[in-house]
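J.: One letter stands for each residue in the lines below.
2 protein chains.
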Amino acid sequence: MIVTATGNPTTEQPEVFEYRLRARDGAARCGTYLSAHGAVQTPCFMPVGTKATVKGVLPRELRELGAQVILANTFHLHLRPGEQIIEHLGGLHAFMRYDGPILTDSGGFQVFSLAELRRIDERGVTFRSPVDGSLVDLTPERSIEIQRALGADIVMAFDECPNAQMTGEQLAASTDRTLRWLERCLAVPLKPHQALFPIVQGGMNADLRRASAQRTVALAPQARGFAVGGLSVGEARETTYAMLEASVEQLPPDRPRYFMGLGTPRDLVEAVDRGIDLFDCVLPTRNARNGRVFHPAGDLNLRNAEHARNPRPIQEDCDCPACTGGFSRGYLHHLAKQNEMLGGILATLHNLRYLLRLCERMREAIAQGRWQELKAEVLPAAQR
Amino acid sequence: MIVTATGNPTTEQPEVFEYRLRARDGAARCGTYLSAHGAVQTPCFMPVGTKATVKGVLPRELRELGAQVILANTFHLHLRPGEQIIEHLGGLHAFMRYDGPILTDSGGFQVFSLAELRRIDERGVTFRSPVDGSLVDLTPERSIEIQRALGADIVMAFDECPNAQMTGEQLAASTDRTLRWLERCLAVPLKPHQALFPIVQGGMNADLRRASAQRTVALAPQARGFAVGGLSVGEARETTYAMLEASVEQLPPDRPRYFMGLGTPRDLVEAVDRGIDLFDCVLPTRNARNGRVFHPAGDLNLRNAEHARNPRPIQEDCDCPACTGGFSRGYLHHLAKQNEMLGGILATLHNLRYLLRLCERMREAIAQGRWQELKAEVLPAAQR
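Chains as they are written, first to last, in my numbering: chain A, 1 to 384; chain B, 1 to 384.
No lab work stands behind these hints: they were computed from the structure.
Hints may contain errors.
The list cannot tell twin chains apart, which means a pair is met if one copy fits it or any two copies do.
[What the hints assert, rightly or not] Below 20 angstroms or equal to it, Euclidean Cα-Cα: the simulated SDA-like pairs (lysine to any residue) are:
hint	residue 1	residue 2
1	Lys375	Ala297
2	Lys337	Glu306
3	Lys375	Glu306
4	Lys337	Pro130
5	Lys375	Glu183
6	Lys191	Arg24
7	Lys337	Asn301
8	Lys337	Ser134
9	Lys337	Gln41
10	Lys337	Glu364
11	Lys337	His88
12	Lys337	Gly91
13	Lys337	Thr324
14	Lys337	Leu79
Everything numeric in this text was worked out from a predicted model, so none of it was measured.
With these hints in hand, go ahead and build the complete structure from the sequences.
T.: Structural data, given as structure tokens:
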């Protein structure tokens with residue numbers, strides 16, 4: 001189960017590109033993905049650093065939390081400071097001083113979330129920069145070129161994100177376009193340390209999902225990993241998970257699978273239960289900055305007055321810096337109400353550690369054949 | 001030179017309250033102030049944590065930076081969350097998880113900076129809460145009671161802060177009132193671990209400064225330290241330093257002296273040169289959040305476009321986490337322009353470390369009889 005062949009027309013690849021499946025328990029898997037910037041133990045939650053920073057967290061703290069891969073955003077970094085500047089400063093790893101694996105998304109999701117100003121056609125997308133109003137062109141080729149300049153280890157294909165209003169015909173056409181765009185992405189050379197992950201689309205249509213996955217694999221049989229996109233758009237969770245299943249069943253087992261944009265504790269467990277290895281989500285960090293923190297018995301809103309006089313930490317048995325540091329809910333309530341930076345920082349450290357520890361526990365449970373046990377323990381209490 | 005007698009009508013004081021003068025070089029001194037929460041090596045810059053948090057900095061990071069005493073603000077904490085809640089949660093040290101010495105100011109400065117709504121008379125000050133518009137009463141007794149509840153190691157007297165528009169007569173009357181208020185502050189019992197520092201006022205009148213200092217010492221001969229207030233109001237620096245001199249020359253040499261509210265590198269050196277031991281200032285941290293950082297060759301504004309492509313750290317020979325962490329000016333420029341939390345955090349760590357290291361160097365130079373040398377090195381380059 002070692003993937004060494006190339007999916008891009010670059011020179012010989014270093015042997016670091018491989019995925020080793022270590023254990024399975026049902027569809028749940030644990031494994032190791034090797035990148036040029038180090039090994040990634042899966043299942044793995046990837047903290048989001050949209051603008052080349054996980055908001056409020058130092059790189060050394062990310063390491064201490066147990067983070068492995070982190071994400072950055074092609075759309076935002078292209079607009080500011082621009083990939084030329086990041087490349088001039090040594091690429092994304094040097095720029096943000098994170099020497100572990102980094103993944104950049106393609107900008108597709110962000111562009112397709114923009115207001116009316118965008119124009120979409122076969123060539124790509126044109127939109128007005130939210131920064132200065134100038135016209136910006138984003139095509140499959142351009143997205144990969146930007147990501148090549150940024151230098152992340154994992155580069156995402158530029159896909160069209162269908163919206164919920166599309167008819168069945170429109171959805172099928174959009175899924176076709178994503179596949180044609182994938183071909184164009186694959187034709188753009190990357191740096192030797194980079195790997196491109198295609199994205200399976202297909203909306204909320206299971207047949208389309210299966211077909212999209214099959215055709216994606218056929219187009220990029222040597223891709224070092226595959227992503228499932230378009231499932232963070234507010235559908236009922238049961239539909240989301242069904243679409244995830246339909247997508248995953250067509251993907252090769254010897255390559256990591258990345259479930260894009262969802263990352264509550266429940267999402268993680270449900271997705272791992274369906275064979276997913278990688279996740280990202282901005283909500284754990286965004287919610288933290290608004291005072292919302294994970295707790296095994298249900299999320300807490302630290303802004304609520306009930307916490308004002310509470311001397312206990314967020315969670316007694318948590319090993320994050322906020323909980324082991326002895327910061328009381330009362331103090332965190334005060335910080336949240338006063339919009340103090342430290343409130344967002346401590347809550348972010350807690351939420352990230354919560355998910356990263358859950359991943360550690362999932363890896364262990366799968367390796368030890370205790371997946372059903374862990375699932376039964378985590379799922380009933382886990383909230384959306 | 002050990003101060004053990006009490007300045008407050010409490011029970012016997014622990015022996016920790018003492019100031020040991022270790023060395024002098026001209027008027028510059030270095031020494032050790034012992035508090036119930038540990039020793040403070042002077043000269044010492046005290047980072048400001050207005051609302052019980054140095055913005056964006058974890059307590060463990062403060063320790064790593066070499067911080068000793070930190071400040072918190074009676075005015076802000078009285079309004080929110082209220083001293084009862086902080087006392088309920090174990091006092092300020094437990095609340096903010098800082099186990100070193102803490103100083104609280106009295107709220108005088110903040111109240112006297114408020115708009116018209118305040119009413120000042122002999123009894124104290126009445127103002128509308130900026131939080132909820134309710135009427136708040138602050139008297140010398142009330143300020144000390146609040147500070148007792150907060151539980152800081154060093155408690156400041158409640159003083160009247162004269163303004164620049166006062167006539168000579170008004171200024172003299174105000175200075176008299178501060179002395180009468182000091183008597184009332186001294187009559188309020190503190191917790192055994194707390195020490196009250198009186199504040200010398202007197203505006204920009206050197207005679208009044210001298211008289212105020214003499215009368216302050218006469219009223220509180222056993223105070224464990226003395227502060228010089230009213231000098232952070234935008235006067236020309238030469239006037240400020242002259243007033244500082246007039247105030248300090250009347251203070252007992254065996255007690256620490258605290259210069260309130262000014263803390264640029266130049267301020268620190270000029271004040272130490274006049275016999276000052278303690279400082280605080282909000283500007284190093286506030287400026288940091290706006291991208292302004294100290295540099296030996298002159299402050300840098302990281303928001304300036306000139307930094308966008310600069311791969312160098314803020315300062316090559318700085319040992320702060322931002323500079324040793326290898327974060328480039330280009331990256332810090334990006335973070336500052338994007339208002340990313342990490343930009344403010346890294347700049348704050350740099351500015352604090354810059355001043356704390358300057359204090360380390362001042363202590364060393366004084367102990368080794370090299371004060372003039374250090375002064376000559378630091379002063380020409382130090383900016384306001």
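J.: With reference to the structure, classify each hint as holding or not holding.
T.: Hint-by-hint comparison with the structure:
| no. | hint | in the structure |
| --- | --- | --- |
| 1 | Lys375 with Ala297 | within (15 angstroms within a copy, 59 angstroms between copies) |
| 2 | Lys337 with Glu306 | within (13 angstroms within a copy, 37 angstroms between copies) |
| 3 | Lys375 with Glu306 | neither (31 angstroms within a copy, 53 angstroms between copies) |
| 4 | Lys337 with Pro130 | between (30 angstroms within a copy, 15 angstroms between copies) |
| 5 | Lys375 with Glu183 | neither (38 angstroms within a copy, 67 angstroms between copies) |
| 6 | Lys191 with Arg24 | neither (32 angstroms within a copy, 62 angstroms between copies) |
| 7 | Lys337 with Asn301 | within (11 angstroms within a copy, 30 angstroms between copies) |
| 8 | Lys337 with Ser134 | between (38 angstroms within a copy, 18 angstroms between copies) |
| 9 | Lys337 with Gln41 | neither (37 angstroms within a copy, 35 angstroms between copies) |
| 10 | Lys337 with Glu364 | neither (38 angstroms within a copy, 42 angstroms between copies) |
| 11 | Lys337 with His88 | between (41 angstroms within a copy, 18 angstroms between copies) |
| 12 | Lys337 with Gly91 | between (38 angstroms within a copy, 19 angstroms between copies) |
| 13 | Lys337 with Thr324 | neither (22 angstroms within a copy, 34 angstroms between copies) |
| 14 | Lys337 with Leu79 | between (33 angstroms within a copy, 12 angstroms between copies) |
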